[in-house]
Amino acid sequence: MATPGRALPQPTPETQHFWDGTKANQLLLQCCDECSKTYFPPRPFCPACGSRKVSVTKASGKATLYSYVIHHRPAPGFTPPYAIAVVELDEGPRMMTNIVECEQTPEALVLDMAVEVVFEPQTDTITLPLFRPVLAKG
Amino acid sequence: MPHNTVAVVGAAETTKLGVITDLSQLGLHADAALNAMADCGLKPSDIDGIACAAQETPVQLAHYLGITPTWIDGTAVGGCSFMVHVRHAAAAIEAGLAKTILITHGESGKSRIGAPPRPVHPQSLNGQFEQPFGPMGPPSMFTIPMLRYMKTYGVTEEQVAQVAVVQREWASKNPRATFRNLITTDDVLNSRMIAWPFRLLMCCLVTDGGGALILTSAERAKDFPTKPVYILGTGESAETPMVSQMEDFTSSRAFRVAGPTAFREAGITHKDVDHLMIYDAFAHLPIYGLEDLGFLPKGEAAAFIAARNTAPGGSLPLNTNGGGLSYMHSGMYGMYALQESVRQMRGIAPAQIPGAKISVCHGVGGMFAASGTVIFSNQAP
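In the order they appear, the protein sequences are chains A and B. Residues in the first sequence are numbered from 1 upward in steps of one, following our numbering. Residues in the second sequence are numbered from 1001 upward in steps of one, following our numbering.
One chain only, chain B, in its complex shape:
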């Protein structure tokens, strides 16, 4: 796909984040979508493409919002679905399938209003070959590969804890972050054990919220009131729905495909990156992401983070909203990472990186199941 021909012109989160008891999941989608439309001065009748990853489906969202789409995408590959939607939407706009595409997300992850449970079916591969052995969702599944990583590269629990400490520093600068008080390595290592070696503060929080993006051609983007954020490159991939069947427990194949694909498409090198978001459902994700995206050689990311390279003032600002560990995490976090990349490219982030021109936003879906990467720029083509 030619890069730099599509831009984000509308971007917004739900009015509130955290515990939201006056909106259902569907209502959170709509709140975010209406905020994004207001952001760029559009009405539902101006939208001709819609994507979402939810139980709500693009059909329901189109109906609910009053949109008549010529393009729909219900790709649902977990928390990175929104990165994948951006990739698909950019291609669709390029191909002339739609002119103005809305990507919505709403998730009542904490309050569970209008959010029915999705149990693992006992006839599925997961239901037959993983669920009988006692995993209870992501905290006891997503974390399983990490012990192999720690043994392979000599990474310590203290170093893993540093990921949470550094991200809390970013969150402390963000009034919208759920957790803003600074924490120490000891705080993390003394927090409640969830699934050794993972403790509570190494796990994402659980909240309600949503977000939406509106994309159009770079040419049309000039006519909008917002500062266009151009899409330089994108990537997507999938590996396995079963964490036990990852090829390599120290690396995600889906990351290694999606990330480099986006970099190639963008025509940039790692030196060009001013700002980075790596979906952090748990503290090991930024470690895997930094390595699998090619920022660091294998085994070096934990020490890199512990040495404050990704902290405020560091050379590679990472998860500047505070991340899923401290900002918010409704279950599928990718939309909130994208929102922070857009804020950084617009120059309006609470912890703004001065002069940032290129932002890489990398998502994971399921438990290392899928991946999507989007590279943004605020420089006109």
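Pulled out of the complex, with its shape left as it was, chain A reads as follows:
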């Protein structure tokens, strides 16, 4: 296990598809068939219009760093200081995550920088979607 000790999710019927997705290295969102709203976290209806006609869609995994703190206190499964971040997916929704393959400093963690999803297995059933900086081409 990459990071033993951290809190792990227990899927519910409404969220199982999301966690099945991350296990298969896919970041799955949902999109309303009626009003086209793309949303997260998962639920079997659209939070914008209430329609139950929704589809699961695969996200690009591309995002930008929206906001964060760098936590300096101890936490199970983490070595402080570590950033607790929120990223904004290219599809619109935001999600909490960690930024990996990056120094956990204000200088390295620049708001609005491009990040992309990486999938980090925790157990046989749970894989977490984390994000890493997209290195500039050149």
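The reader is advised that the hints may include incorrect statements.
[As the list claims (entries may be wrong)] Just a sample of chain A residues kept apart from chain B, beta carbon distances all over 12 Å, derived:
1. Cys32
2. Glu34
3. Ser36
4. Cys49
5. Cys102
6. Ala114
7. Leu135
[Unchecked claim] Only pairs whose alpha carbons sit at most 25 Å apart, straight line, appear in this in silico DMTMM-like list of lysine to aspartate or glutamate:
8. A:Lys62 with B:Glu1157
9. B:Lys1222 with B:Asp1022
10. B:Lys1151 with A:Glu107
11. A:Lys37 with B:Glu1247
12. B:Lys1227 with B:Asp1022
13. A:Lys53 with A:Glu34
14. B:Lys1151 with A:Asp124
15. B:Lys1151 with A:Glu103
16. B:Lys1298 with A:Glu101
17. A:Lys23 with A:Glu116
18. A:Lys53 with B:Glu1247
19. B:Lys1099 with B:Asp1248
20. B:Lys1151 with A:Glu101
21. B:Lys1151 with A:Glu14
22. A:Lys37 with B:Asp1046
23. A:Lys53 with A:Glu14
24. B:Lys1298 with B:Asp1272
25. A:Lys58 with B:Glu1300
26. A:Lys23 with A:Glu91
27. B:Lys1151 with A:Glu116
28. A:Lys62 with A:Glu101
29. B:Lys1357 with A:Glu116
30. B:Lys1151 with B:Glu1300
31. B:Lys1357 with B:Asp1248
32. B:Lys1298 with A:Glu34
33. B:Lys1151 with A:Glu34
34. A:Lys62 with B:Asp1274
These are computed hints drawn from the structure, not numbers from a lab. Think of the CB as a built atom: it goes at the ideal place given N, C-alpha and C, for glycine as much as any other residue.
Based on the hints, put chain B in the right spot on chain A.
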């Protein structure tokens, strides 16, 4: 709801605040409730409505205190629950559901006596989509939106630190405040890092305590020994239990609904406000509150505070008890903000604003999850 028809007639905090090792959480509720009853000359048998936000529940409080209620409210939406209770209680009194309502709060936030932990369940939305990424409670959750705010409006860490400096000035005037020694911006910026950009002195303290309010109709309030504090307007709202899912990281939707609702109901403008309380679990909360309640345009509150407008002698006295940053904070702070508004309206606050007639008291619940606003006046209807 028609305004000015309900008043606070009893108000008190627990006998002690700070570290209280001789009372459980339930005992803190009772201590505050008995103090509030003594404040206005009532007995438990005079109370016919009860509200609390605690694990203790209104059922337990009614039993423990010896109250037979015709109205109960266990609304528990975090630290602003008490503002919401005031709103619900005022409506209940208006509707004739109860005549004399007690709102209690007790919290063994520091000593944790009779205060069982409430872990985040791994099947909850928070447990699935936030907790795995390492947040450890409010200091590393409530603070997450602020970096986006700071970038959007060019606010500096020094300006955020000023919030704590100014509130300590108010606390220095309050013998009941936990921290009373004056501090400088450097003191704040050199204090221990908790969750960058937040340092220790930008975070609320953790204490034990409680408070209680007793409300009745404005008409009956005249017969009580205390100076009535009338409820001019109230508001409430909710946004999301997940801070990561706030619509706008620079503004609270719950604030933007609850605050203006209360102002409309009260029929007042911002110019009419003599005294303001904004729940400050962390130093960014007064900044968001000043803007989302409409006192200032977006992006201007940090500079407004740094320019001492909310400090002693300033045009808009804010968090005059010292706030959650310096006065006390047992976990759900809203009750203590309400108590300070009532003291200011009664004219008995340690740092009394001379001639104050209208006080706005604004609370937050959870991490920008919910909100409640109460506008008080000491002017008879």
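Hints, verified against the model:
1. Cys32: Given that every Cβ of chain B is farther than 12 Å from that of Cys32 of chain A, nearest at about 17 Å, it holds.
2. Glu34: 21 Å, holds
3. Ser36: 18 Å, holds
4. Cys49: 16 Å, holds
5. Cys102: 14 Å, holds
6. Ala114: 16 Å, holds
7. Leu135: 22 Å, holds
8. A:Lys62 with B:Glu1157: 30 Å, violated
9. B:Lys1222 with B:Asp1022: Violated, because 37 Å separates the two Cα atoms, which is more than 25 Å.
10. B:Lys1151 with A:Glu107: Given that 25 Å is the threshold and the Cα spacing comes to 14 Å, the pair holds.
11. A:Lys37 with B:Glu1247: 14 Å, holds
12. B:Lys1227 with B:Asp1022: 32 Å, violated
13. A:Lys53 with A:Glu34: 7 Å, holds
14. B:Lys1151 with A:Asp124: Violated: Lys1151 of chain B and Asp124 of chain A sit about 40 Å apart, past 25 Å.
15. B:Lys1151 with A:Glu103: Answer holds: Lys1151 of chain B to Glu103 of chain A is near 20 Å, not above 25 Å.
16. B:Lys1298 with A:Glu101: 35 Å, violated
17. A:Lys23 with A:Glu116: 17 Å, holds
18. A:Lys53 with B:Glu1247: Distance ~23 Å between Lys53 of chain A and Glu1247 of chain B Cα, so the pair holds.
19. B:Lys1099 with B:Asp1248: 41 Å, violated
20. B:Lys1151 with A:Glu101: 24 Å, holds
21. B:Lys1151 with A:Glu14: It is violated: about 36 Å lies between the C-alpha atoms, which goes past 25 Å.
22. A:Lys37 with B:Asp1046: Violated. Lys37 of chain A to Asp1046 of chain B sits at ~53 Å, over the 25 Å cutoff.
23. A:Lys53 with A:Glu14: Satisfied, since the Cα-Cα distance of roughly 14 Å is no more than 25 Å.
24. B:Lys1298 with B:Asp1272: 20 Å, holds
25. A:Lys58 with B:Glu1300: Violated, at roughly 40 Å.
26. A:Lys23 with A:Glu91: It holds: about 21 Å lies between the C-alpha atoms, which stays within 25 Å.
27. B:Lys1151 with A:Glu116: Given that 25 Å is the threshold and the Cα spacing comes to 22 Å, the pair holds.
28. A:Lys62 with A:Glu101: Given pair Lys62 of chain A, Glu101 of chain A holds - Cα atoms ~16 Å apart, limit 25 Å.
29. B:Lys1357 with A:Glu116: Answer violated: Lys1357 of chain B to Glu116 of chain A is near 55 Å, above 25 Å.
30. B:Lys1151 with B:Glu1300: 13 Å, holds
31. B:Lys1357 with B:Asp1248: 34 Å, violated
32. B:Lys1298 with A:Glu34: 34 Å, violated
33. B:Lys1151 with A:Glu34: Violated, at roughly 36 Å.
34. A:Lys62 with B:Asp1274: Not satisfied, since the Cα-Cα distance of roughly 49 Å exceeds 25 Å.
Violation of the numbered hints given earlier is confined to hints 8, 9, 12, 14, 16, 19, 21, 22, 25, 29, 31, 32, 33 and 34; the remaining hints are satisfied by the structure.
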